[in-house]
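Which chain is which? The protein sequence lines are A and B, in order. As numbered in our numbering, residues 1 to 112 make up the first sequence, in order. As numbered in our numbering, residues 1001 to 1111 make up the second sequence, in order.
Source of the hints: derived by calculation from the structure; they are not laboratory data. There could be a bad hint or two in this list.
DSS-like cross-link-like pairs, simulated, lysine-lysine; straight-line CA separation at most 25 Å [stated by the list, open to error]:
hint, chain 1, residue 1, chain 2, residue 2
1, B, K1065, A, K98
2, B, K1009, B, K1065
3, B, K1103, A, K83
4, A, K57, B, K1103
5, B, K1103, A, K9
Quick caveat: nothing in here was measured; it's all calculated off a predicted structure.
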Amino acid sequence: DGGITQSPKYLFRKEGQNVTLSCEQNLNHDAMYWYRQDPGQGLRLIYYSQIVNDFQKGDIAEGYSVSREKKESFPLTVTSAQKNPTAFYLCASRLAGKNIQYFGAGTRLSVL
Amino acid sequence: AQRVTQPEKLLSVFKGAPVELKCNYSYSGSPELFWYVQYSRQRLQLLLRHISRESIKGFTADLNKGETSFHLKKPFAQEEDSAMYYCALSGRGSGYSTLTFGKGTMLLVSP
Chain A
1 DGGITQSPKY LFRKEGQNVT LSCEQNLNHD AMYWYRQDPG QGLRLIYYSQ
51 IVNDFQKGDI AEGYSVSREK KESFPLTVTS AQKNPTAFYL CASRLAGKNI
101 QYFGAGTRLS VL
Chain B
1001 AQRVTQPEKL LSVFKGAPVE LKCNYSYSGS PELFWYVQYS RQRLQLLLRH
1051 ISRESIKGFT ADLNKGETSF HLKKPFAQEE DSAMYYCALS GRGSGYSTLT
1101 FGKGTMLLVS P
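Put together the whole structure using the sequences plus the hints.
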């Protein structure tokens, strides 16, 4: 186990506040992903990055932002523009040329 | 657009009974199909992928391009199979770099 570390495990956001979720991987994977998991909705892709300093929007990118300054790190910021941020957030990574994604343990975000 | 449909939110069976979790997809092209599983308090993990054509923990899944289905089957369910199962698709449109997930099916195996 391990390899992909998400922190914190639980996070609370106040009204109008931006919060950042951390995702670090030591698998030397090239691509990294952020998903949002809601009950009955499955996993929906927020953002992904295939190489350093480059990232693409997923299906539900509005209200979120990311950066990819280092290969091993892909932080997700939930901005105040995201009106319904309460969810379980999953980070994943993938080695280039291998179509298997490996997942972190997740961060549960709640609104105070 | 690509889409994955898992028609059952919950499937409840008794131990030893056969199990079939349904997955249908919509994609114009040659997709790659996967089943991921999330056991209680564990990470989401790959169970199997269609190109491997292997059996994992007694589960198999065959890609039926005519019916656009990738149903997951096991002849005799075990209590430890209780988990959330997600079917997922990867397509040429994204260079096979992203996954589209279904909404998931919760499998409950009772003793």
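(message) To test your reading of the hints: which numbers does this structure violate?
(response) Structure breaks no hint.
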